[in-house]
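Enquirer: The primary structure of each chain is shown beneath.
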Amino acid sequence: MSLIPTYAPPDNLPAPLTYGGIQSYTDIYGDVWVALVGVNGGAWRRAKDVLFSHVYRVAALNLTAGGATTLMDGTISDNYSLYNPGFQSGVGAYIIPVAGWYEAVHQVGGTATAVGQQMDARIYNNGVLMSVARVHTTLATSFSAITTYLGLCNVNDYVQPWDYCSATIAAIVGSGTPPSFGPGYWTYSILRYRGTG
Amino acid sequence: MSLIPTYAIPDSLPPPVISGTTVQSFTDVWGDVWIAKNGVYGGAWKRARDTLYGKWYRNAAFTLPAGQAAVPLDSTTRDPYSMYTNPAGSAAYPPISGLYDILWQVTANATASGQWVQPRFFINGMLMGVSQSYASSVNAFSSVISQQFVLHVGDYIQFYDNASTALAAGVGAPGYWTYATVEYYGTG
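Protein sequences, first through last, are from chains V and X.
Per our numbering, residue 519 is the first one in the first sequence, and the count goes up by one each step.
Per our numbering, residue 80 is the first one in the second sequence, and the count goes up by one each step.
So here's chain V without its partners, still in its complex pose (with noise of 0.2 Å):
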C-alpha cells in the first residue's frame, strides 16, 4: 500500500434508517447522501451514485391529440422509488427528495396513422413546461421523439414525462421476447441525481 489517502478529516454519517421515508445528508465536504429504509439495509450512500429511476410503459396507451401526461407503469430501477405513478390521481411524476441539480430524459415511441403526423417529448417540472422536442412522420408507421432536461429541482418538486400530439396515437409500449428483446426501449423516462448545483 502508498500513503496516498483519498480523503482527509472526519466526518460521521447518521446511523442506517429505520423508520419513514428517504432522508438526506451533507456531510462536512458538500456531499450528499441518502438513505431509505429497506434500501441497501437503511445505509447511506452517495446520491451521485443511486438515486436514479428508469421507467417505462407496459400497457397500451393511446397519445391524445393535445398533450398529456405520459404515464410510466413498469420499472427497470428505481430503488428509492422517485417515480410515483400514483401522483394526482394517476397521472404520475417523479417527485423531488434532495434539492439539486438533476437530468431528465424522455423518449416516446407511437404508430402513425398518417404521413405528416406530429409528436412531442415533452417534461414539465412543476407544470411548466421545460423541454421539447418534436418530430413529424413521413409514413404511417413507427416514429419516435427524445427530449432531455437539465436543471435545479427543490424537494417536492414534480417531474413529468409528457406527450403532445396532432392527432391520437398509440404509443409503443411494453417489452419484447428476451433474450433478443428487452424492455422499456421505446417508450421510456429516466431521473437522476448529478449533484447539489
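These aren't lab readings, by the way, just hints derived from the structure by calculation.
Just to be clear, a hint being listed does not mean it is correct.
Unchecked claim - To be clear about the criterion: a stretch of chain V counts as covered by chain X if any three or more of its residues have a C-beta under 8 Å from a C-beta of chain X, and this derived list gives those stretches: (1) 563-570; (2) 621-634; (3) 656-667.
Glycine included, each C-beta is placed from N, C-alpha and C at the ideal position.
Fit chain X to the given chain V structure using the hints.
Expert: Same frame as chain V, now just chain X:
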C-alpha cells in the same frame, strides 16, 4: 450519530498498476470507486466517475445496409481504459459494475423522402434502446438514443442501426454525425 466516517481516517490506495492488461478497481472505505490500468496515467488510481468515459465515431465512408447491422466505429475521441475493444461487432465492455449512461446517434443521407433509420443498442445481445427518424427530403437526417443502465463486469453494449434501405452514413471527424458515448456515473 453513529461513528461511520464519510471521509474520516486516511485511506490508502494500492500502488500504481504496472503489470497486466485489465482495468483494476478499488473501493475505498468511503465507498468511492477508483480504477487503474497498466499504461494509463502511469497506472495511477483515478476516481471512476472522473475518468471512465468513452466516445467513438465513424470517420470513414460507410453504408448503412437495409435492415439491422452493426456500425463499426473506426475512430476514438476518448477511451483511456479501452472499453471499445471489438470494432467489428461495435461492442464496448464496461470494466467495472455500476450505473452507465449510453448515448448513440446515427445519421444517414436520404436518397428519397420517407426513408427511415433506427439507431439501436443491445446489451448482452438484447435490444435495450431504439429510436426512429424519417427523412422528409433528400438530405441528412439523424436519430439518437439516450439511456442509463446498471451494468456489470462482462456485460457488453453493441451499437447497431436498422434502416429502411441502404443509406450512406453521415461520417467524418470529429464525430458529430454518427457517434456513441459510454460514461460511468456511479455505483448504481
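Enquirer: Of the hints given before, which are not true for this structure?
Expert: none
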